[in-house]
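Peer 1: One-letter residues, chain by chain:
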Amino acid sequence: MTIEFETPKPIAQQQYVLKTVADNMMRPYSRYFDENEHEIPWDYINFMHQAMKASGAGSLAPKDKKKEDPNKPKRPPIGYQMLAHMLEILSWGDTGMYLITPGGGLGAAAVQSAGTTEQKKKFLARFMGEKPTFAAMCMTEADAGSDTSKIRANAVLDEESNEWVLNGEKIFVTAGDKALTEYEESGQGFIVVWATIDPEAGRAGMRSFVVEAGTPGVKVMKMEHKLGIRASDTVTIVLQDARVPFENILGKSTVEKTTKGFKGAMATFDATRPLVAAMGIGVARAALEFVQEKLAEEGVEIRYGKPRNTLTSIERDVIDMEVMVRSAWLVTLKAVWMADNRKSNALEASMSKVKAGDVGPKVTQKAIEILGPLGYSREFLLEKWFRDAKITDIYEGTGQINRLVVARNLLGYRGSQLR
Amino acid sequence: MTIEFETPKPIAQQQYVLKTVADNMMRPYSRYFDENEHEIPWDYINFMHQAMKASGAGSLAPKDKKKEDPNKPKRPPIGYQMLAHMLEILSWGDTGMYLITPGGGLGAAAVQSAGTTEQKKKFLARFMGEKPTFAAMCMTEADAGSDTSKIRANAVLDEESNEWVLNGEKIFVTAGDKALTEYEESGQGFIVVWATIDPEAGRAGMRSFVVEAGTPGVKVMKMEHKLGIRASDTVTIVLQDARVPFENILGKSTVEKTTKGFKGAMATFDATRPLVAAMGIGVARAALEFVQEKLAEEGVEIRYGKPRNTLTSIERDVIDMEVMVRSAWLVTLKAVWMADNRKSNALEASMSKVKAGDVGPKVTQKAIEILGPLGYSREFLLEKWFRDAKITDIYEGTGQINRLVVARNLLGYRGSQLR
Amino acid sequence: MYSFEPNEEQQMLIDAVSRYAEDLREAAEEAEEHARFPEGLVEKGWEMGVLQASIPEVYGGFGDYSSVTGVLAAEELAYGDLPAALAVMTPNLFVLPILLAGSEVQKERFIPPVIEMEWKAYTAALIEPIFNFDPTELKTTAVADGDDFVISGKKTYVPYAKDAEMMIVYANVNGVTQGFIVPAGAEGLTVGEENKLMSMHALLQYDLELVNVRVPAENRLGGDFRAVLAASHVGLAALAIGVAKASLDYAINYAKDREVFGVKVAQKQAMAFMMAEMAMEIESTRMLTWEAAWKLDTEKEDAYKSAYLAATSAIDMVMMVTDRGVQILGGHGYIREHPVERWMRNGRGFATFTGLAIV
Amino acid sequence: MYSFEPNEEQQMLIDAVSRYAEDLREAAEEAEEHARFPEGLVEKGWEMGVLQASIPEVYGGFGDYSSVTGVLAAEELAYGDLPAALAVMTPNLFVLPILLAGSEVQKERFIPPVIEMEWKAYTAALIEPIFNFDPTELKTTAVADGDDFVISGKKTYVPYAKDAEMMIVYANVNGVTQGFIVPAGAEGLTVGEENKLMSMHALLQYDLELVNVRVPAENRLGGDFRAVLAASHVGLAALAIGVAKASLDYAINYAKDREVFGVKVAQKQAMAFMMAEMAMEIESTRMLTWEAAWKLDTEKEDAYKSAYLAATSAIDMVMMVTDRGVQILGGHGYIREHPVERWMRNGRGFATFTGLAIV
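Protein chains in written order, with this note's numbering: chain A, 3 to 421; chain B, 3 to 421; chain C, 3 to 361; chain D, 3 to 361.
In short, the hints are calculated from the structure, not lab data.
Any given hint could turn out to be false.
Okay, derived cross-link-like pairs now, DSS-like style, lysine-lysine, Cα gap no bigger than 30 angstroms in a straight line [claimed, not checked]:
hint, chain 1, residue 1, chain 2, residue 2
1, B, K76, C, K302
2, B, K152, D, K258
3, A, K152, C, K258
4, A, K296, B, K308
5, A, K296, C, K141
6, A, K76, A, K123
7, B, K364, C, K141
8, A, K364, C, K266
9, D, K198, B, K224
10, D, K307, A, K21
11, A, K364, C, K307
12, A, K364, C, K270
Far from chain C by the CB rule (all over 12 angstroms, computed), these chain A residues [what the hints assert, rightly or not]:
hint, residue
13, P10
14, Y31
15, I316
16, I370
17, G414
Every residue gets a Cβ at the ideal spot worked out from N, C-alpha and C, and that includes glycine.
Just need the whole structure built from these sequences, with the hints factored in.
Peer 2: As structure tokens, then:
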């Protein structure tokens, strides 16, 4: 080991490719899909589907290990680092569009991390199919936001038919509409629904279920109108006596007096936090670079190296923005590097998420202020990036929830000791 | 009523007088008494004592009402407003020296607010005597800081001698040494000690007792070495079977199932919070004005009215400093105006304290940064003001405790609902 | 004396405006989504006569100009809805600069037609579509030519420019900003695109181009532009306070209502502290704004500076507060059903809105 | 590759320095109160050979210069005590600029005598006692005169100037900052008053006056001053991290130990959040600093800029963190028995300390 900051070659190559995607398939359409909230950017979706199929990627989730060539020198794993870079640059392109990239997102990731080999085969093959296909994760309920112990959706086993019967209402499901609605252009998707199989058991009774699009009793009830990331749909899903085969449960079907299963789910969140951070940082970098370009056009030079007292207000702002964006990114990189190297990264993961949640709104808002009347206008994408950036401070645990997680890890406290 | 910001004439006159005191009796000696921590500025003390005697003030505590001349038009009361201005400008001079202004400070204030007429006569007359005389308040204990319910000092009535026997240890007593030590130059002082007369009764059992200098069993154990406000002594006081006459208890000698007495004490704190805020603002204003003078000497103009983007970094800092100092002061003024007009000001009082606690450190530290190598040097008073200012965020309730108070008042929560 | 309570007359006005502001609040979401106010809403606000009450009788009004009163009313209006408040107050942009910096003749001639019972689009053009816009160093120029001034330049964020009967255009005269009364349809004056901004969709604002627009010298407001700028500073500060207060109150209600981990959201120390700080910063800015307005009314030497400090405070305060308003609602804050996201978008603009409100 | 772990050699150095830093911590309070380090303390640090290990053998050392290694060691030293760290590292101020910006001849001639086993006062003079000091636009000038340069100006914050055998004086040569090797006792060179600062009382620093001090042209470091400035930026950033980390760790221990309202102070959400944010900002600055040091070592194009960003981050971070360190201790934080107040005074100076540490 040593201290090093060289971008690995495969990542640099991927960055190059995705920059082209962002420049050509995302940015030119960003404004349109922001102004036309519930339209779907099929061009981008189809392009990404084909591109990923061609590259053999299939899904943005970390890949299973390839068979190793014993003659090749062993390289340290960079899967999460790769992913963080990909998400960062695609969000630099357009966070809303990125969020509906086909390939299964969090839904597929749940199957991959908690499913049996059989389940993986059954549910994940579709993402390499002819048409772009979506999956979504359904966790939040109206009365269960950060406090996931209050989930009320339930699954009852019908022993006669050997089916699970699901009831409940899930809100804030990202890409839920695309996962459930069978568009002409898309394959059959699914959602992964968190529900309790034993309401008395608290978190120990929580399980996740794969619910295929087309299942009777499952309905998309409401598409939210949002502040930002409008290219992605956020929906409410109602399950009314929705029946799924027994084998669609992810994890054990019996309840033991342990919250291991649930903690597993929470650990998945830990793993995804730096990835969410990366997305927020992508947006912030977009805004920073935009301001830097505009300032260069206006002939405004940023004099690095000067004491703060001798700077202009704008120089100081831009320098502070750079500090924020870069440091948030490095903290994120460290968190994914730890994940790749199987080091426990709960502290770093939540740190990166908090940082990105702070930095995105601050940097985008500063950018708007610096550009004045132009910054606030919908002529540029800056104001949109500001709206997009705020989501990072909110989803996958608000800044406050993540500060709690940071503090617990820092102080060595359990949840019961620091609420 | 109307909205008005004209400084009342009597206050303006007092400001003028105290400015002269600050300029001549405080500032020239500030550095000396900072560097020589436990020396006593008798010149200042004697001067203030004579000045206050001459003006009939006697004490900085709000005066009792004068007999009204029925022919004169009735004026709205301005006692607290006057006091806030006085403290602000004396702290602008030197907070440490202000804190040992003779006249009884918080100790005398406690007698004045909770004592009987007889007690007031007995204990307060001395402040108009030949020699400067001090009193101090003893509340905090090693294990009872913000959490006053944990006070362990106790008072037991010796029914034979009809004396209270006090035991306990009090820390962080401001001017405690001057209140208890009989210097050649000073009169006999006293301390007001908070103790429980019924350990089972919790806060309902808390009472305060006047303990005269010279009482056997009372000892100043330790004089603290502090970050700032070094001209004032902060001491630990130990009471070991210290006996005081029965009539030295302030308030009822019996315990009822009510915390009224204690709440009264807390209300006193509410009343003093804007005054503590005023002190912090005085220091901040000193630093701000010092920077403004230096910048003017250097030919640096602050271009008010310009959009932030067109400012220099220093202009922006100075403008922000002005905003902070002025707004904290206006919030404080409102709080004391409310007190004078008998409006409930718990919210405003704690707001002013939080603001001043934030503003003092921020403004003084910015001032240091702006003046660079000179700002950090002990050649100027700036670095001292920074050290002095920090106390505002700490004593009479830390910034965090006061935020709690603000939040409770804002949200309409009792202490039990928001801890 | 110090005193921190509106007088009786002001309190009555506050109460009346506050009732009207409830209508604004109710209409706000739809107005934003459809980029149009419901019929009669702005007119109803105008009919309350807030502006008229601050114009002396001799110019057709029925009161005296008071910056303090204007500030109190503006906060209440913005507590309802910022763009609607700006719409109701658009004629201020024309009337008050004339009152503050115009000649006796200009006041008598131009003010009375505006402050009639009916809201009419009289407006003003200050902001320019450039980087580092500075109202004290405008790029739009006015050059004396015989008895006329010839004005050229570009403007943006001009409310109701399309319908305006007359407007004030600010221009640079030898390094000094001066206002000029320009009639609609003046030769060389083109109303351009409707501005599409991050918020305030229902407040129609436009680009403006002036190519050698000629106005008689008597249309020039000869007074000190800094008085107008200061009236904008306190006006915007008051509006920012209103928006911030709206966001805080909404967040408080939400946080006291919603449970998380067995207690109310508001009972979480971190959340409670956030709200405490929001309240403190609102109060701080309000005090600065009141003092500045009072200084303007009493013609204190440093009144302009005070107004500037109030505006500076307001810009940062409203951003902090409205951001936290969204944050306290969490996921719900991001949904357009709740107004906090709209207030955050409003809040983001105050650094840019110079000249858009004058009280 | 990305990698975030010191290599084995670095880890051994960290461990060794960390043990020595415990001595520094123990001595710090008394050193500050008496304005003197205990006998042998600085020398003991010097004997660890951190500097020597980063000088190639050809110049008398036994290793290769690595900014990353220097940064790691500096954090550990400052975790013990900032002024002692600066004292131990004072000879760096003389040696490293020669290594970074000197000629081969200068390196061979001037470096070996300094890095012998004994700590000797070799130092450097950069800071000037003026408002708006800017290391890239010095007021001290050096003018070529025949084969010599003639240097005039005033300096301040020069560590151990009184005992220095030789020092580097930075001066403005036609708008460019350049270092000059100046021997003690050079004609025209006067060591003035001992500086009395807000903190670091035991680190003796002095004013310096130069009146037409003449040095041969061969004493001029001809290389790029920006390399020296960058080495100072990362050095100070690393020291700031050490001070901040010390404060956070102390606050954590205190808050986990002390009870209030029936729970530990650390269990209060507001307190816990404060510490979480302190940790995050420390980690953020550390990452920037490591990256900058790595860029310096690998000669990346934007290495100087990265170093500057790290220093900028460090200045604000260390102020925030050390202020909160005091705050978390409440009244106890204000008492000089606890080191948090000293760290806060240390922290306040980083905006000013440019050139006081070079790694």
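Peer 1: So which hints don't hold here, by number, going up?
Peer 2: 7, 15 and 16
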